[in-house]
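Visitor: Below are the chains, spelled out letter by letter.
Protein chains: 2
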Amino acid sequence: MGRHFDVELADLKNALLKMGTLTEEAIANSIEALKNRDASLARVIIEGDAAIDALELAIDDTCVDLIALYQPVARDLRLIMTGMKINAELERIADLAVDIAERTIELVDKPHLKPLVDIPKLAALAQSMVRMALDSFVKGDPELAKKVLLSDPEANALRDAVQSELIDDYMVKDGSTAPRAVQLLLIARFLERVCDHATNIAENVIYLARAEVVRHRPIDPE
Amino acid sequence: MGRHFDVELADLKNALLKMGTLTEEAIANSIEALKNRDASLARVIIEGDAAIDALELAIDDTCVDLIALYQPVARDLRLIMTGMKINAELERIADLAVDIAERTIELVDKPHLKPLVDIPKLAALAQSMVRMALDSFVKGDPELAKKVLLSDPEANALRDAVQSELIDDYMVKDGSTAPRAVQLLLIARFLERVCDHATNIAENVIYLARAEVVRHRPIDPE
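Those sequence lines, one after another, are chains A and B. Following our numbering, the numbering of the first sequence begins with 4 at its first residue and continues without gaps. Following our numbering, the numbering of the second sequence begins with 4 at its first residue and continues without gaps.
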């Protein structure tokens, strides 16, 4: 592969970084909108998703064009394939920011339920996992990617705790809280799915670095 | 591309069909388990998911190997790329069957809530959309794929109707139903996501057939 291919590969990485930045912003804003009951910020996220979708398609096309034009093999081919997968994961994270924004708009009309139980904690975890996953990709650092994988059980536990609290302490005790509690429950689930996508990105980084499949296998914490 | 490439491409298509069959079975079984409150069938689905994950990885590797070995361009390259994407969508559908099975196991211990509101209707729609999406891929039939896209609003409407009914007619009126009603609400959401993945498969079929991007764009029903 000549120098031109390397330049195009660097461009691809930059485009993915831009995708990552936009996605991180969308998630951060969706959490801000929820905390501050800010429907207009929620609407900004929903409207901004079209640009992220367009960037995803452009990156996808670039990857296919790079393969067709340069016919890379071995590590270069794997790198482009991994880029395509990470691109798709990022687009799904941005979609979840839209889902959170939509639930937030539903909530804003209704009286406050309570300090959002452990949702802010789960949100902070989700944001840190996305950031670590992206960093691990940029730096090609499988050790950092492993840390993302190790955080996933905590995300599941937090989601389950939020869910139990909303059901047992709110809905069961006072059925009239259900319309609001269900929205919060869904938001907790969306945030946990953000963590899942961060985990998928990290698995791809590890796979690329080691040419060893960690997807769908229990992770050894050592 | 010589005859050998064509043979390998046919093998890839067959592997994807097998993946499709296993996925359809998982979804069908998850709905049966729910309807019949059959925890042991639910466990079969959960245990069977490892085989589907393994097949997904094998197909993914085959796709990368085909590209590295034959360096296809234009339509052949797009076909393999589309195969990889459909493979990933199918794996996610199978994961949703596991999610439904897990919720079903939670429900089986508890008294029946009621005839599952419109969940069987949504389940039937999800199954038919997955089947149509797979058929459209196998036949390379973008018109059939378009029908899948046209069913997606109905899936959303059914999910919203189930959700409203569970909140307003159950949880709000009698908070003690919440632990069961939330499980059903989640199952309705999982089924709607199955429809979303069927839609993604259909979009890829249309994209491949027309080299025209329909992803992320509103669909013209004409």
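To be clear, the hints were calculated from the coordinates, so they are not data collected in a lab. Incorrect hints may have been included.
You can't tell identical chains apart in this list, so a pair holds if it fits in one copy or across any two.
Unchecked claim - Mimicking DSSO-like on lysine-lysine, the simulated pairs with C-alpha atoms at most 27 Å apart in a straight line are:
no. : residue 1 : residue 2
1   : K117      : K150
2   : K16       : K124
3   : K113      : K176
4   : K117      : K149
5   : K176      : K150
6   : K142      : K38
7   : K88       : K16
8   : K124      : K149
9   : K176      : K149
10  : K88       : K176
In this text, all values refer to a predicted model and were calculated from it rather than measured experimentally.
Visitor: Compare the structure with each hint and give your call.
Guide: Hints, one by one, checked against the model:
1. K117 x K150: neither (32 Å within a copy, 44 Å between copies)
2. K16 x K124: Answer is neither; intra-copy 31 Å and inter-copy 44 Å both fail.
3. K113 x K176: both (19 Å within a copy, 18 Å between copies)
4. K117 x K149: Answer is neither; intra-copy 35 Å and inter-copy 45 Å both fail.
5. K176 x K150: Neither: 39 Å inside a copy, 45 Å across copies.
6. K142 x K38: neither (32 Å within a copy, 49 Å between copies)
7. K88 x K16: both (13 Å within a copy, 21 Å between copies)
8. K124 x K149: Within one copy only: 21 Å inside, 42 Å across.
9. K176 x K149: neither (41 Å within a copy, 46 Å between copies)
10. K88 x K176: Result: close neither inside a copy nor across copies, 44 Å intra and 45 Å inter.
Of the hints listed earlier, those the structure fails to meet are numbers 1, 2, 4, 5, 6, 9 and 10, in rising order.
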